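*Asks:* Please construct the entire structure, taking both the sequences and the accompanying hints into account.
Once you know that position 117 of the sequence shown is 212 in this note's numbering, the rest is easy, because the numbers rise by one and skip nothing.
These are calculated hints, taken from the structure and not from any lab test.
Careful: at least some of the hints might be erroneous.
Here are the computed lysine-lysine pairs in the DSS-like style, where the Cα-Cα straight-line distance is at most 30 angstroms [what the hints assert, rightly or not]:
1) K134 to K121
2) K136 to K215
3) K121 to K161
4) K237 to K114
5) K177 to K134
6) K136 to K114
7) K161 to K177
8) K161 to K215
9) K161 to K137
10) K215 to K134
11) K121 to K237
12) K237 to K177
13) K121 to K136
14) K177 to K105
15) K134 to K174
16) K164 to K237
17) K237 to K105
18) K177 to K108
19) K164 to K105
20) K174 to K121
21) K177 to K114
22) K108 to K237
23) K106 to K174
24) K237 to K215
25) K137 to K237
26) K108 to K121
None of the values given here were measured: they were computed from a predicted structure.
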Amino acid sequence: MELVDSLRSKKVKVIEIHKWGVYLRKQWEENFANHLSNKEKKSIYLLDEDGFSGYLWHVFSYERRKCLKEEQADLAFNKERKESCYIFYQHLDDAVILENASALNVSDFRDEEDIFVVDKEFNWTYVRTHETGYCGPYFSWK
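*Replies:* What follows is the structure, given as structure tokens:
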């Protein structure tokens, strides 16, 4: 994974955690979309259903949660204090834990799609979508 190598070259401690994607997506949903009913989640295609891929970031694109968008999201993420974080993807089950992540910035994710970065306490999140430029990136606090 190129991202892992790039982060390690910046002296960020990276711990690869296989099969944690499912758990982290559920935790993200519980922290950033917990105000939505199941019906509301279905109406914005938040979760996978009937062969259609859902996207957790729809909570932002459908404006169901306050967030910063595009350049403002990038600026907020770069300014946010980052010590320990999780990185995971919408459609992959592998994830990583980052320690000493203060050097992390949006340029690290330039080539990534449907990637979520969240601090270990799920207080904030940065999301880069496959539709960046049209939808996203997004940044939000809990």
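*Asks:* Now tell me if each hint is right for this structure.
*Replies:* Hint by hint, here is what the structure shows:
1. K134 to K121: It holds: about 17 angstroms lies between the C-alpha atoms, which stays within 30 angstroms.
2. K136 to K215: 24 angstroms, holds
3. K121 to K161: 19 angstroms, holds
4. K237 to K114: 25 angstroms, holds
5. K177 to K134: 34 angstroms, violated
6. K136 to K114: Holds, because 24 angstroms separates the two Cα atoms, which is no more than 30 angstroms.
7. K161 to K177: 21 angstroms, holds
8. K161 to K215: The hint holds at about 20 angstroms.
9. K161 to K137: 19 angstroms, holds
10. K215 to K134: 28 angstroms, holds
11. K121 to K237: 15 angstroms, holds
12. K237 to K177: Satisfied, since the Cα-Cα distance of roughly 15 angstroms is no more than 30 angstroms.
13. K121 to K136: The hint holds at about 13 angstroms.
14. K177 to K105: 14 angstroms, holds
15. K134 to K174: 35 angstroms, violated
16. K164 to K237: 15 angstroms, holds
17. K237 to K105: 28 angstroms, holds
18. K177 to K108: Satisfied, since the Cα-Cα distance of roughly 12 angstroms is no more than 30 angstroms.
19. K164 to K105: 26 angstroms, holds
20. K174 to K121: 26 angstroms, holds
21. K177 to K114: 24 angstroms, holds
22. K108 to K237: 25 angstroms, holds
23. K106 to K174: Judged against 30 angstroms, a Cα distance of about 19 angstroms means the pair holds.
24. K237 to K215: Holds, at about 12 angstroms.
25. K137 to K237: Answer holds: K137 to K237 is near 21 angstroms, not above 30 angstroms.
26. K108 to K121: 24 angstroms, holds
Comparing the model with each earlier hint shows violations of hints 5 and 15; every other hint is respected.
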